[in-house]
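Novice: Below are the chains, spelled out letter by letter.
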Amino acid sequence: MNPNFEVKELLEQNRYFIEKPSKQWILKVVILAIILGIGLYALVLQVIKGHTITGMRDNVVWGVYIVNFVFILGLSYAGALLAGIFHLGRVEWAKPLQRILKLITVFALIIGPFYILLCLGRPERLLNLFIYPRIQSPIIWDVTAIVTDLIFCIVYMYFTYIKDFAMLRDITENSEIYTWRNKMYKFLAFGYQDIPEQRKLLNQALDIMAAIIIPTTIIAYSLLAWLFGMNLKVGWHSSIFGPFFVLSAVYSGVALLILIMWIYRKKQKLEKVFTDNHFLYLGFSLLVLSLFYGYFYFSDYITDWYNMQKTYTLLWEKYFDFSQYGFPFVISIFLVAFLPSIVIGIPWFRSVNSIALTAVLSLVGLWMMRYLMIVPVLETPYLPIQDIRENWVHYSATWIEWSLTIAGIALFALFFVFVGKLAPIIPISEMLEKEEPEKLDSYDSKDPNLVTST
Amino acid sequence: MNTHDKNDNRRKFLKNVFTAGAGALAVGTSTLLAQVNEPQKTTKPVKEKIKVLTTDGTVIEVDKPDNNCKINPCTPQKGIEARKGIPGRSFVMVIDLARCKNARKCIEGCQKGHDLLPDQELMKVYLMKDNPESEPYWFPKNCFHCDNPPCVKVCPVGATFKRTDNVVLVDADRCIGCKFCVSACPYSARIFNWADKESYASNSPDYSPETQTPSQHSVVSKCDFCPDRAREGKLPYCASSCPMGAIYFGDKNEDAVTNGEETLRFKQLIKERVGYRYLEELGTDPNVYYLPATNRMFPYERGLSDLSEEKKDILLKSISK
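Here the protein sequences line up with chains R and V, keeping their order.
If you read the first sequence in our numbering, its first letter stands for residue 1, the second for the next number, and so on.
If you read the second sequence in our numbering, its first letter stands for residue 1, the second for the next number, and so on.
Hints in this document: simulated from the structure, not taken from any laboratory.
Source: prediction; values computed, not measured.
Hints should not be assumed to be uniformly reliable.
[Unchecked claim] Covered stretches of chain R (chain V as the covering partner; in silico rule of three or more C-beta atoms under 8 Å from a C-beta of chain V):
(1) 43-53
(2) 122-134
(3) 139-152
(4) 230-239
(5) 382-389
Using N, Cα and C, we set each Cβ at its ideal position, and we do this for glycine too.
Bound conformation, chain R alone (with noise of 0.2 Å):
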């Protein structure tokens, strides 16, 4: 791995940042502005009908909004905890993708709230979390860490953007195009010109804030994980919710990051950046993290099923029923914990198209997942729903939230659009650097009495 780049290729193989916009690059942001738009559409008329326009109901009260939500905050988190664990593993190969996965934290981290203020049924009302806060509450647990979280990753991710930002300071300097792009890079680059000290400062504050990062994202998506946990409802209560949650946004944050980076391959021929090797390594990783969710869901399911409590029964029924869940379960079990292991772990089926047809299937499987594990276990309470509407009954999204949530989608999509435009979405200069050998012993090579002495 670790092929030596040039500045001037990987410039070159990255230039359309800095080309003018492309007619289909302004489509690509018109049609996403529409989808967004309808998106926009509908969250009028949520806040102006109220929620009864929504498919949620006295039994189901959160719906598809907070399944994205979890899921959403799940990529965010699953990004930064990778970013922090490559960068302090110091892991060669990964250093390409270092940027992608800072992204995709941040502009997660932005788009996921969004959906737990479409839960809320005032949301004007959101100061009185701040104006009377109840530590003993998982939401304000959540409200702490999503805003911690938030401001860790903006700093962390803006961190690894100096050392560009400065580079193209540098080379758009003198050019009577980019003037205004360079005033911007100049600002953004906050007077670094990569001297030994300045470079040393930034290694340490970088090191620092990636492990500070990987214990956040770990804590804060536990504490969104007891948001259900701490429930007394049956399918919800249950231990294993903590990690559990962790490991299934690290395999849906391994699986998005394998469909960014064939995306990119195919439009902007990053072959050279984004190889065939590293489809390799993360649909491997894809494929271990399917066996472990396989592993949690059924050890969760067996203590489940092996007592048969009643309400436990009623509940596991319906997953196995097909008129009710039986379908969306069986199909979504099959995605998230054997097809990896067929399409990876066979080499007749193993390529980059493959790997990254399996990584999006394995989103699909794992938002279903999130899905299952949230409206039949809000529609099976202890006490029976006796209920002749139908709709409070069963919970069936309308596409008030079908619309919002293809928005949010589209903000991601357009987020990673238009940052395209900014600077390249691979990290040049930090892929440019050498490795230095890290010294242990620093003590001996400074202080000779020392050594001498003992």
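Put chain V on the given structure of chain R with help from the hints.
Specialist: For chain V alone, kept in the frame of chain R given last:
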């Protein structure tokens, strides 16, 4: 036509009443103002006194409360005051399952009293069957006003709170509508105000968590044990509208519960009739007790007779599981 006339008559009547009321109010205010202006006049009206026993065993004389007022202050409390609870009280409810025939009068009374929509039920009546051999029974269920309430724990803004008199209330002025409490309650006791209603008003100065009226859109609502009615010495709407007297309401500290017809010793009742609390094992410590449906007054089928076929199907299917 006939109904029109009736309506007109009623309107005229109401108009007269209101004019009379407004007149009386005007006179009342002016006299009140006059009193305020002349504080020297200390000819206080002599109030009737009653003797009461204090907790430390001494007899004291206090003013006899006005008309129906049993607990001072008599009006529903608002804001911070509504969070305190009525001192010395420990409200409790006992529901005699042997008497319930699914007349649904408790639901209707509650809906009327709390200005609810026809599909909003703070009190629900379930058809339950404990095991395959036992006879089904009707199970009225409101909020259990737990001593360890899962809903209060999870509320991020303290909009729902536990009072010293056992009551768990919702302050709709503060509720952000996150619905976490709805999902946290293991007894499905909470409802959300989904559909819009004309009488919904936000931050109305008349709003009191004790009455939950005027209600608001997109916030959580629940059974409130009617502490405003307790202040007037009345039973909650559900208890007073039950034709069978199945719902007893009272005070644990006084060790008395009543359904309006008979007053019983709470502890003795629970002891003798083997009263239980639903899902005791969850550790929520409810304040609603049930008396098992033994020696019941009606067969459970009686409650099915007024229901639609659809509802009947759902109920019978639910107990066959």
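Novice: Each hint: holds or not?
Specialist: Checked hints:
Counting residues of the segment 43-53 of chain R whose CB falls under 8 Å from any CB of chain V gives 4; the rule of at least 3 is met. Coverage of the segment 122-134 of chain R by chain V holds. Counting CB-CB distances below 8 Å, 10 residues qualify, and the rule asks for three or more. Given as covered by chain V, the segment 139-152 of chain R passes the check, having 3 residues with a CB less than 8 Å from a CB of that chain where 3 are the minimum. Only residues whose C-beta sits within less than 8 Å of a C-beta in chain V count toward coverage, and the segment 230-239 of chain R has 4 of them, enough to reach three; the restraint holds.
Given a C-beta distance limit of less than 8 Å, the hint that chain V covers the segment 382-389 of chain R holds, as 8 residues qualify and 3 suffice.
Against the hints set out earlier in the document, no violation occurs for any number.
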